[in-house]
Amino acid sequence: MRLMNIKPNRQARFYLAALPFILLAIAYLVGSGMRLAENPNDKLLPALPTMAQAVKHMAFEIDPRTGTDLMLSDTIASLGRLISALAISTSAALLFGIVIGLLPGANAMLSSFVGVMSMVPPLALLPILFIVMGLGENSKIALIVIGTLPCMIRDLSMKVLELPREQLIKAQTLGASTWQVALRVVLPQIAPRLIDALRLQIGPAWLFVIAAEAIASDSGLGYRIFLVRRYLAMDVIIPYVFWITLLAFLMDAALNLLQRKMFPWFASVRAG
Amino acid sequence: MSAVRFDNVWKEYGDHIVLERITLDVVSRAFIVLVGPSGCGKTTFLRMLLGEEAPTRGQILIDGVPLKPEPDADRGVVFQRYSVFPHLTVLQNVVLGRELQLAKFVSRLFGAARRAAVDEAMALLAEVGLAGHEAKYPASLSGGMQQRLALAQAVMRGPKILLLDEPFGALDPGIRADIHVLMKRLWNETDLTVVMVTHDLSEAFRLATRVIAFERNRDRPEERERYGATISRDLEVFPRRAAEVRNLSTKRSGRDDPAEKGA
Numbered sequence: 001m002r003l004m005n006i007k008p009n010r011q012a013r014f015y016l017a018a019l020p021f022i023l024l025a026i027a028y029l030v031g032s033g034m035r036l037a038e039n040p041n042d043k044l045l046p047a048l049p050t051m052a053q054a055v056k057h058m059a060f061e062i063d064p065r066t067g068t069d070l071m072l073s074d075t076i077a078s079l080g081r082l083i084s085a086l087a088i089s090t091s092a093a094l095l096f097g098i099v100i101g102l103l104p105g106a107n108a109m110l111s112s113f114v115g116v117m118s119m120v121p122p123l124a125l126l127p128i129l130f131i132v133m134g135l136g137e138n139s140k141i142a143l144i145v146i147g148t149l150p151c152m153i154r155d156l157s158m159k160v161l162e163l164p165r166e167q168l169i170k171a172q173t174l175g176a177s178t179w180q181v182a183l184r185v186v187l188p189q190i191a192p193r194l195i196d197a198l199r200l201q202i203g204p205a206w207l208f209v210i211a212a213e214a215i216a217s218d219s220g221l222g223y224r225i226f227l228v229r230r231y232l233a234m235d236v237i238i239p240y241v242f243w244i245t246l247l248a249f250l251m252d253a254a255l256n257l258l259q260r261k262m263f264p265w266f267a268s269v270r271a272g
Numbered sequence: 273m274s275a276v277r278f279d280n281v282w283k284e285y286g287d288h289i290v291l292e293r294i295t296l297d298v299v300s301r302a303f304i305v306l307v308g309p310s311g312c313g314k315t316t317f318l319r320m321l322l323g324e325e326a327p328t329r330g331q332i333l334i335d336g337v338p339l340k341p342e343p344d345a346d347r348g349v350v351f352q353r354y355s356v357f358p359h360l361t362v363l364q365n366v367v368l369g370r371e372l373q374l375a376k377f378v379s380r381l382f383g384a385a386r387r388a389a390v391d392e393a394m395a396l397l398a399e400v401g402l403a404g405h406e407a408k409y410p411a412s413l414s415g416g417m418q419q420r421l422a423l424a425q426a427v428m429r430g431p432k433i434l435l436l437d438e439p440f441g442a443l444d445p446g447i448r449a450d451i452h453v454l455m456k457r458l459w460n461e462t463d464l465t466v467v468m469v470t471h472d473l474s475e476a477f478r479l480a481t482r483v484i485a486f487e488r489n490r491d492r493p494e495e496r497e498r499y500g501a502t503i504s505r506d507l508e509v510f511p512r513r514a515a516e517v518r519n520l521s522t523k524r525s526g527r528d529d530p531a532e533k534g535a
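Residue numbers (the numbering used here), protein chains in the order written: chain A, 1 to 272; chain B, 273 to 535.
Here chain A stands alone, though its shape is the one from the complex (with noise of 0.2 Å):
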């Protein structure tokens, strides 16, 4: 039988996608070990007990310098700037995205300046937000928002141009205004689909949190990895990295979730 027609039964389905994880963790167990056994003071690859210990530490003990739990309020400051960007990245790309792809004299006007604001590197304009805004709150929010509005707001306008224009055209016959077509045709079509491109833009927004943590900033999970790394604490990085890659596939679990119980007619369109 050809390869390509070979496919896997449920049980071997989770088996193999089990596998990827676990020959990691062998990997670096195995080259922790071996570097351990060298020298037992080794920090590059710390030792599954180092890294416990480390976590306890941070996050199940308060810190007697600021008197607070240091993990949970480094996840509290990032997740706090992420998840008021993404929400005002996500509202603004569902005005905008509407407006440009329902209306031919907004797309004239708008679409070629998104298309080129999307193209300015975010990054490259952290100092000017730092100049204009200050270190503090703002300039880490608009960072992110700068770094995911332009993509979004053009992924959800060409959703809208997409639309069918036969359903455009039969809302128009039953009466419907241009903002009636927009409020009861578009909108709730684009709803699910909004939900896709804030899933894509999670891994760019912790990109730029982090950035902005790590840059200027006295908390966060950015903050915290940048702080630790000048004494090589990978004890501490190491769970870090992980805790915040648990943290985004959480989120776009959640979204995925929300989606198919609140859109329930959504798969089949996108299957058809």
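If you are wondering where the hints come from, they were derived from the structure by calculation, not from laboratory data.
Bear in mind the structure is a predicted one, so any value in this text is a computation, not a measurement.
Using N, Cα and C, we set each Cβ at its ideal position, and we do this for glycine too.
Just to be clear, a hint being listed does not mean it is correct.
[Said to hold, decoys possible] So, partial list: chain A residues that the calculated Cβ filter (under 8 Å) puts toward chain B:
id	residue
1	PRO164
2	ILE169
3	THR173
4	THR178
5	GLY203
Starting from the structure of chain A, add chain B where the hints point.
Okay, now just chain B, sitting in the frame of chain A:
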């Protein structure tokens, strides 16, 4: 319930002439079917009547008034595909017309107005044979059922003219026969003037009061761009059909009797 007049209409795309010298009078309550080979401008004709495209020359009059250059509630439409909204259930699809009509801003009805619209929609769904499917999304309906839904949705809003763009082209023959019966009944029971485009000649003669054929008179490759299609045949269907004369006083469509059973 409207007479349509095409007054020496031409349609050109740049140098390419698609339709030329189209002059046509359609009486109120007629059932016109347009036939012709692919690419002869049938769909272009329909799109002009819909208001989606403007004629390059000449004008289109409805009851003597020039056509507005955009679609509106006077002209309902059913396309071959994408005629219903995938994000709305069957019932919501039909109620939508009334919501758009009565609630200009929120586009939703509440309380008694909503109940009235829902009752009306349920009666219409029963008439097109979709009773019991109200809560389904269109994706879970068969092709024939989707087109029945599209008809119900269009009729709900009470258009004067119903435009059909190969609406039954993708359906199996058996299902098509069923929907022809429904189509005729809708035409009889409402005040519609119907204009339909089809590839299928037998369908044309089964439904129409008048069949109009479009054809290119000059179809040599070097002439194709510069000569558009014209009306080549204009046939009254015998025995003559006519829609029943209706009492036009009721609100939606004059459908003041209970729906017949069996489509």
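### Query
For the hint on A:GLY203, does the least C-beta distance to chain B fall short of 8 Å?
violated (28 Å)
### Query
Does the nearest C-beta of chain B fall within a distance shorter than 8 Å of the C-beta of A:THR178?
Violated. Min distance 10 Å.
### Task
Against chain B, run the beta carbon of A:PRO164 and see if the smallest gap drops under 8 Å.
It holds, given that the least Cβ distance between A:PRO164 and chain B is near 4 Å, below 8 Å.
### Query
Holds or violated: A:ILE169 as interface residue toward chain B, Cβ cutoff 8 Å?
holds (5 Å)
### Restraint check, 8 Å cut-off on beta carbons, for A:THR173 near chain B
holds (5 Å)
Of the numbered hints given earlier, the model fails hints 4 and 5; all others are met.
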